Amino acid sequence: MEKLLADSGRILLLGNEAIARGLIEAGCGVAATYPGTPSSEIGGVLDDVADKVGMYFEYSVNEIVAMEVAAAAAVSGVRSFAFMKHVGLNVASDAFMTLSYVGVRAGMVILTADDPSIHSSQSEQDNRYYAKFGLVPMLEPTTPAECKDMIIEAFKLSEKLHSPVLVRTTTRVNHARGAVNLSRPKKMQKKGVFEKDPAHLVTVPANARRDRIDQLERIKKAQELSEISPLNYITGSGSDGIITSGVSYTYAAEYIENAEILKLGFSYPLPEEKVKKFLQRKSRVVVIEELEPVIEDEVRRIAQQNGIRTEIIGKRTGHLPRAYEYTPDTLKALSGILKIKEGAQPLSSEIKLPSRPPVLCAGCPHRSTFYATKKAVGKEGAIYCTDIGCYTLGVQPPMNCADITLCMGSSIGTAGGFSEATDQKAVAFIGDSTFFHGGIPGLINAGYNKHNNLVLIILDNRTTAMTGHQPNPGTGRDYGGIESPPLKIEPLVRACGIEFVKTVDPYDLVAIEQAVREALDFNGPAVIVSEHACPLLRKKEGKLEKKLYEVDREKCIGCKICLSKFSCPALSVDNGKPLIDRTSCIGCGGCAQVCPQNAIEVKQ
Amino acid sequence: MKYGIQLVGVGGQGVLLASTVLGSAAVSEDMDAAMSEVHGMAQRGGSVQCTVRIGQDVLSPLLSQGEANVLLGFEPAETCRNLVYANKDTYVITNTVPVVPVTVSSGLEEYPAVDDIIKAVKSSGVAKLIALDAASMAKEAGNAIAANSVLIGAMSAVPGFPLSKEKMLSILLERVPAKAKDVNQKAFEMGYEAALKCLSPQ
Ligand code: SF4
Ligand code: SF4
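As they're listed, the protein sequences go chains A and B.
Residue numbers for the first sequence follow the numbering used here, beginning at 1 and rising by one.
Residue numbers for the second sequence follow the numbering used here, beginning at 1001 and rising by one.
These are calculated hints, taken from the structure and not from any lab test.
These numbers were taken from a predicted model, which means no experiment stands behind them.
Do not rely on the hints blindly, as some may be mistaken.
[Stated by the list, open to error] Under the rule of at most 25 Å between Cα atoms (straight-line distance), these lysine-lysine pairs were calculated in the DSS-like manner:
#, chain 1, residue 1, chain 2, residue 2
1, B, Lys1002, A, Lys339
2, B, Lys1119, A, Lys352
3, B, Lys1002, A, Lys341
All chains should be built: construct the whole structure from the sequences, respecting the hints.
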């Protein structure tokens, strides 16, 4: 971390670390987020360094709150930053769309981290459409070095235009690592003064109508700045023409020969004149971009409006795919059109290998909750409405504890719907952080509208685990020089109008099964708080008190119930009987409670 | 010159650490580096991959198929699964100790015999194979946890490797806890020696 705070030097940084460094160099005074892959590591840097560099940083309860916090700073004259994963911008979109009407005083940058190929998300939506939708200028960095530079540039642009600026990255940009040159940071300004200006800031219809015209003026000016921006440049040489942006540029630059490339860093609004002149010089231009044909469609429009007959190749012509992220190999689809660099023949093997999907960790309390819930539900079955977090992995066999997931908080809303639209039991699973983020309105709704067939299980593992163990209201706050106590879930649930609520430790399989039974029998929406700290976090913090479990090979009859029903990754098979891996077992005792022969025992 | 290393394994094995050692060593030698890492859901015990490219003007964080100079596998099935990054001249270094996925231990799928996996790797056309029991070697060095240092040591022995053995070792040792330095250094040396032996004509 010290290296990251130096005044100069050349260091190896993750894209996300370079973004955090960009904020420091730009003197960004306020930053807010809700963690989401692939943007999470930005917060990991900021919660560590914010107070050292004089920045205010917070993990907000969700993305729209983060957007609102940053917006207030920017209209008070403080540079601010809100960052989130692509679907987080859906949550924040209500504020985003109107913010583009009211504008900002100091620079405000919003980062959306898209996830082509859906490495760690529920969709691969292309958020470049948000720039067009909200009429917000957009920059797209390619490498970690550009991440840092473009964050700084985005603040300048935002101040020139009095508009928020969107910076759009993708997983391969956020999680790329490369050398970055550091420059001396600008002086940090954390406090500003809010000057009242209701004529612009209070969007009653009469004001919003005026703001709408201002917004169009701003985007027109942005168009002129894009035209002269050094972030849009031509590189390479050759007769073929390519237009590209983001990480796709690296594949084009390295794996295609004999081509001239128009690289777009300021990609909304497009530099129309530059694109027009480029098209006029080429008989054929290939547009290389991941996901949707956003640039391609604009290029086609520019060609049409200017009567340019250049052949345009891309997704609309069926040459390049819309689904999934690109790799250097994707470009092979263009052989015959462009000159693709020849590589060595790749090897392959026919041997059948087992699949290896991500799984719940050894000793994960969610596994115990799922196991006990399924036992309590019994043969009758239930509709399992799950949510966004590690526990979505409950979808895998043998748990099969996921029947539907839409978005953050949807477990409770969908369970309410099933409770009314079917006569089946609806069991919802939601994590602690997700509950605070988007679950509470759904729960108030369930109590208020009497969704009596609904059982909600709050998987309270005392952290935001999936994204790297960030704190949330339930854990209290202890970073950036600010401390606050944990918010208790049980009273909150009661305040939502829920009469049945019980907190249980899921490591006690009997107790949690019993509690779920009672909840299922209760006539009214019922909530179980299944509380046990994430062992991975405890391990990281050096606070895990490990117990060691062992299989007594005499007592074990080899039924393999522990393996097939509990499936902890610390268990493997050795000569027909289970074997516990000493390094990964954390001693939750789950497998021991599941064993009908009491053949698994604590050793230490 | 551009040099590509594909690192593959299972979440939690230290694939990420090995790739940062490579990248930091390259940058401290004033070379360019372009790397891609896995964060998020896949880290929960799933297959993970990292790419490291070093040399002049590297930009792409990913390799094309067949482009890797070195394929470093922390787990035999993962090495085999990712052979597509290798060509017949690629140095393939693999740990021979399997990490059995839950899909297998819970009885849904099968894990082939390690010998069969190694045979499959060889018959795919790999000419320069370094197969090591990194866990036993690390145990011998003092702690099974140092298995990734064995593998990093082995990689440093590859002929034509662009980073010196000394550089790799010193950057590695910067990144391990003070009390584990001796064990990791020993593990690194053992991996280095074992790789040299594998590569020398019998
Ligand atoms: S459940 Fe018990 S008896 Fe059955 S295989 Fe597992 S340890 Fe052995
Ligand atoms: S006690 Fe059993 S279930 Fe718990 S972590 Fe160890 S092996 Fe896994």
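Going down the list of hints, with the structure as the test:
1. B:Lys1002 / A:Lys339: Between lysine 1002 (chain B) and lysine 339 (chain A) the Cα gap is close to 20 Å, so the pair holds against 25 Å.
2. B:Lys1119 / A:Lys352: 13 Å, holds
3. B:Lys1002 / A:Lys341: 14 Å, holds
The structure shown violates none of the earlier numbered hints.
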